[in-house]
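Colleague: Residue numbers (numbering that gives the first Met the number 0), protein chains in the order written: chain E, 0 to 642; chain W, 0 to 192; chain R, 0 to 100.
Keep in mind that the hints were calculated from the coordinates and are not lab data. For clarity, every value in this text was computed on a predicted model and none was experimentally measured. Glycine included, every Cβ here is placed at the ideal spot set by N, Cα and C. Any given hint could turn out to be false.
What the hints assert, rightly or not - Listing some non-contacts, in silico: residues in chain R with all C-beta distances to chain W over 12 Å:
| id | residue |
| --- | --- |
| 1 | 97 |
| 2 | 98 |
| 3 | 100 |
What the hints assert, rightly or not - In silico contact screen, one side only, chain W against chain E (beta carbon under 7 Å); selected entries:
| id | residue |
| --- | --- |
| 4 | 98 |
| 5 | 101 |
| 6 | 105 |
| 7 | 108 |
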Amino acid sequence: MTRASSDGDAVLRYAWVVPALPLVGAAVNLFFGKKLGRWAGVLASALMLAAFAVALAVLGDLLALPAEERLHVQHLFDWFTVGNLQVAADLRVDPLSVTMMLVVTGVGAVIHVYSMGYMHGDPRYGRFFSYMNLFCFFMLALVMAESLLFLYLGWEGVGLCSYLLIGFWFERPAAASAAKKAFVVTRVGDTFMLVGIVLVFLRLGSLDFSTALLDPRQPGTARIMELTQPAGVYTIIALLLFAGAVGKSAQIPLHTWLPDAMEGPTPVSALIHAATMVTAGVYLVARTHVLFEVSGVALTVVLVVGLLTALYAATCALGQDDIKRVLAYSTISQLGYMFFALGLRAYAAAIFLLVTHSFYKALMFLSAGSVMHGLEGEIDLKKMGALRAAMPVTAAMFSIGALAIAGVPPFSGFFSKDQILEMANRAGYALAWAVALVAAFFSALYIARLIFLAFFGQDRTERRAHESPPVMTVPLAILAIGAIFGGLVGLSATTGRLQVFLGPVLGEVEEHTQALPAAALSALSVSVAVAAILVGWFVYGSGRIDWLALRVRLAGLHRFLAHGWYVDDVYSTGLVAPAKAGSAFLAYVVDSRWIDGAVNAVGQLFQWGSSAGRRVQTGLVRNYGLAFLIGVVAVFVYVGFRL
Amino acid sequence: MAPDHIVFWVFAPISVGSAVAVLFQRNAVHSALFLIVNFFTLAVFYLVLGAPFLFAVQIIVYAGAIMVLFLFVIMLLGVDRDESLVERLKGQRPTAILLGLGLAAEIFVAVRASLGLAKGPADFDQVVNEGGNAEALSRVLFRDYFLPFEVTSILLIVAAVAAMVLAQKRERARTRAEAEAFQVAGPGGGVPT
Amino acid sequence: MRTPISYFVALSAILFAIGTVGVLVRKNALVIFMSVELQLNAVNLALVAFSRMHGNLNGQVLAFLSMVVAAAEVVVGLAIIVNVYRRLHSANVDDASILRW
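Here chain E stands alone, though its shape is the one from the complex (with noise of 0.2 Å):
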């Protein structure tokens, strides 16, 4: 319910100044970022820290509120009227949209310093940040926007940023390619996802939150809205929105752009790619968590996709030697942990899972940076090693986040990994559970031997190691931090403060009983999660295995898991190169020899009638003076007639 605004909500009325204060930032960093030079970095992280505040200031005044009426939505000004639709630009500040801003601003500010270091001499420096800038605008606007068709903007404007950011050295054609491929790939996802919103717009009458999510089971809503659908209209909606976020998190199938959307700069990896855009999908289902729970069907395809998404990525991680990739696949390993835990029904859980892999998946890409910054740009694994005595810092950042990636507690990535377990501890999911643990040994198994590669064991390295400088080592610490105590808000699935501010929105987490003790399953995956840190120990850190040899001896899985279970090649084959032999031949023969023959068919035409023509003037007088009398004679055989 929404509150009559009075003084109290003075903040409240300001919240548009979040996403204000980023646009600002890009819009002045778009023009004038050549002559601000090194002061445009500082001008984008200054205003994203100043956003942190204000989004700050805005939770306190909704925590000032009672828990029921946690809701204000502002109207900023009227979009556009069609008929029936009218969109008009209003924000929406509730417990969830509040979580995501201050995922976006905190950590984004953080990500912003941690650049002005990291890119400090690219020739594009200012243009970096009003991208950068443009983004968080664009992820703000997603996670506020009250109508679907908002949020739609938002989605796409986050496309766009991290298209113009993964091909941020576009010089580099593999980095050009990768923003295309990205850009497509989500494409396809976001062509089901506008189909989804305008469904709902015929079927449920309206694209704001307030009145297409109202629940229909309830007795009040079928009052309100005026069509009641049958249940088979909300699978399709909720399985064309679902569809959307597929592409936009790297699900299952539309995965393959985020492993090669490693080619651009780090910050940006951790940015859009770790904590914010990839998960605008996650925020997306548990907005409309309402569709789902109406269909069923389609709550089942999202726990399937997550989880089956989540082992996969999981298996492929261990192939890869690219250190960011390995990290790309673990992101995509984490989105479909946190789309089984919706499909779980435990929204909470799956929010709060987002916010502790905001902070560790950020440091971990950051940290990463560090290691390529350390080593002059080197990121294959196979030539790390030993690093931690030339880069100390940077090696305890990175062992912080894989502690919290893998599940050891007192991390944050303990608590939500295992709330998550909790929840599909129950009747009827003892399948997944089981699957959902295999996956969480392979997530700390891989963590390991990134970590034992990188920086323990032999030194392999090529290039003299160095620790790097303060502006980006302590944006690790302040990461560090929040992956060390970020469990602290949201210990228990049921009374964890996360979880009980997001209740009214997400719906109250139901009691059941689960088939082990909670205790005994805490101990579980706390013991799978050392015993695969004790595997990769043993394998790639002790030194005892020959883990280059055991490579060689198992090059096929190797391969097999190096090239993601050869997914992209299958799509390279089936679709892309289909796609291109038809477009060639659209551009080669349709277009150039058809189309484009028929135009110069049309001036061949005329050249050929003059030339024919061209013969009349022989030059010679007699032939003009025949012609002349023929017309005489014509003349006066028309007049005679006439006459």
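Given the structure of chain E, go ahead and fit chains W and R onto it with the hints provided.
Modeller: This is chains W and R only, laid out in the frame that chain E set:
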């Protein structure tokens, strides 16, 4: 048989025959001569039609001046050589003859309706040519047609000037070698033409 | 006189047609010019015949002026032919065909 019948039916075939003969001569001078014959017959017709002044003018101006000018030019240019009567352009001759016949037929048709077998007024010579044809003609010419008269006199002056300008030999631009050759050999360049 | 005027008009038409054919059939520029003169004269004959028919002298005046104009025209035309002959060294009309395709 009235006199004018006889005149007409004697001179009309001569007129047509000489006109046709103009077409068929190989030699341009012969064509010119046949044309002069044609002009004479026309002059006779003018006389019969009550225009004795034009009879005189036709002979003096047309046959006597214009055709002489023609003959001068023919002789000057030396084009009296026999011309080949083989027609190179395909279809020119048959088409021309066909169209010529058609033209004549059309003129007949166009004029026949309004003319019938008209006769002129019987008292033409007394009334119209009062005081003699020359005097009557001058009456009309210097009163009603004075402006055209003056204009044609200007036209004659212009024609004379134009002829002088067009017919003069122009020095054409010469190269240095040609100029030297001109000095040595005189106009014509020493090259036999 | 008792010869119908229309006979003269018919004669004029025949002469005009002969002149037209002459223009088209002959190759010598001077003979073509002569054919044109033939045409002009045919017209003069018709004019005089009409003058007789209508009972006034307008036709005769017109024929007279036509003769004047024909004289001027012959002068200029022959000058042009002389010029062309100097350039082409031929009075054959078919040789002056540079303005062709």
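Colleague: Each hint: holds or not?
Modeller: Outcome of the hint check:
no., hint, verdict
1, 97, "holds (17 Å)"
2, 98, "holds (16 Å)"
3, 100, "holds (16 Å)"
4, 98, "holds (5 Å)"
5, 101, "holds (5 Å)"
6, 105, "holds (4 Å)"
7, 108, "holds (6 Å)"
In this structure, every one of the numbered hints holds.
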